[in-house]
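Whole structure, please, built from the sequences with the hints as guidance.
Chains as they are written, first to last, in the numbering used here: chain A, 6 to 142; chain B, 6 to 142.
You may find that some hints are simply not true.
Pairs involving identical chains hold if they fit within one copy or between any two copies, as the list cannot separate such chains.
[As the list claims (entries may be wrong)] When the alpha-carbon atoms are kept at most 27 Å apart in a straight line, the in silico BS3-like pairs for lysine-lysine are as follows:
#: 1; residue 1: K125; residue 2: K72
#: 2; residue 1: K125; residue 2: K9
#: 3; residue 1: K132; residue 2: K9
#: 4; residue 1: K72; residue 2: K124
Bear in mind the hints are in silico, worked out from the structure with no lab data behind them.
2 protein chains.
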Amino acid sequence: MAAKTDIEENLEFVPQFDEDGLIPAIAQDVRSGQVLMVAYMNREALDATIHSGYATYFSRSRKALWKKGQESGHLQKVEQILVDCDQDCLVLKVSVDAGQCHVGYQSCFYRALSKNTDKKLEFVAEKVYDPRKTYRR
Amino acid sequence: MAAKTDIEENLEFVPQFDEDGLIPAIAQDVRSGQVLMVAYMNREALDATIHSGYATYFSRSRKALWKKGQESGHLQKVEQILVDCDQDCLVLKVSVDAGQCHVGYQSCFYRALSKNTDKKLEFVAEKVYDPRKTYRR
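Here's what the structure looks like:
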């Protein structure tokens with residue numbers, strides 16, 4: 006196992022998968038800087054992402070690879086893959102079209118905690134597509 | 006337990022902590038949009054963040070609350086807390102000064118995977134402070 010300072014200071018890519026073999030990956034719109042979603046990758050998903058150029062995740066619920074947009078058409082073209090200091094998290098800078106979240110919004114982060122409360126959310130975005138028309142139920 | 010559609014469509018804040026009682030939180034610079042770091046919160050850290058207005062995480066290695074910047078002075082003032090569709094991840098929009106990463110960079114994501122390789126990183130940022138002067142070793 007690589008030493009902590011090597012992982013932090015060197016230029017060898019040694020992603021640190023957790024005990025389940027997963028690493029979190031944040032998809033960020035390369036143009037707007039908006040955080041679109043967070044999902045997980047196993048080694049196979051990361052390799053598929055690197056070699057195909059399109060974001061591929063590992064679905065923890067379905068226990069299977071999941072090429073983002075395979076069903077909806079809303080693919081994420083990967084422009085850059087960043088890794089953090091201890092190499093246990095990735096940021097993917099991606100080019101996308103409209104509608105990245107399956108609920109119908111551009112980003113999964115479409116609600117914010119309201120001021121002076123710890124219980125109540127408010128919408129901070131509007132839907133950009135109708136998911137009922139995109140996903141066959 | 007709340008139904009999936011309620012969690013996604015409603016305005017009740019019901020953060021979904023994992024089996025270890027943790028939820029990932031992404032700190033994003035409110036001005037530049039840069040993703041600064043990713044850490045974890047337990048319920049207590051989230052409450053401390055909401056009520057103090059400054060990002061407080063749970064250190065998985067030290068098993069203790071960790072107010073970001075307590076030692077270094079590089080506090081994160083929380084301007085907005087966003088939650089994703091299934092409420093198992095947070096984005097904190099934060100105001101910060103220079104030097105958020107303990108290695109010396111503004112962001113923990115200071116390296117990117119080089120083109121046409123799956124092994125080699127390159128630096129995409131320069132250090133903004135000397136951590137040896139900030140942290141007593």
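Hint-by-hint comparison with the structure:
no.	hint	verdict
1	K125 / K72	between (33 Å within a copy, 24 Å between copies)
2	K125 / K9	between (40 Å within a copy, 17 Å between copies)
3	K132 / K9	between (43 Å within a copy, 18 Å between copies)
4	K72 / K124	between (34 Å within a copy, 22 Å between copies)
Checked against the numbered hints given earlier, this structure breaks none of them.
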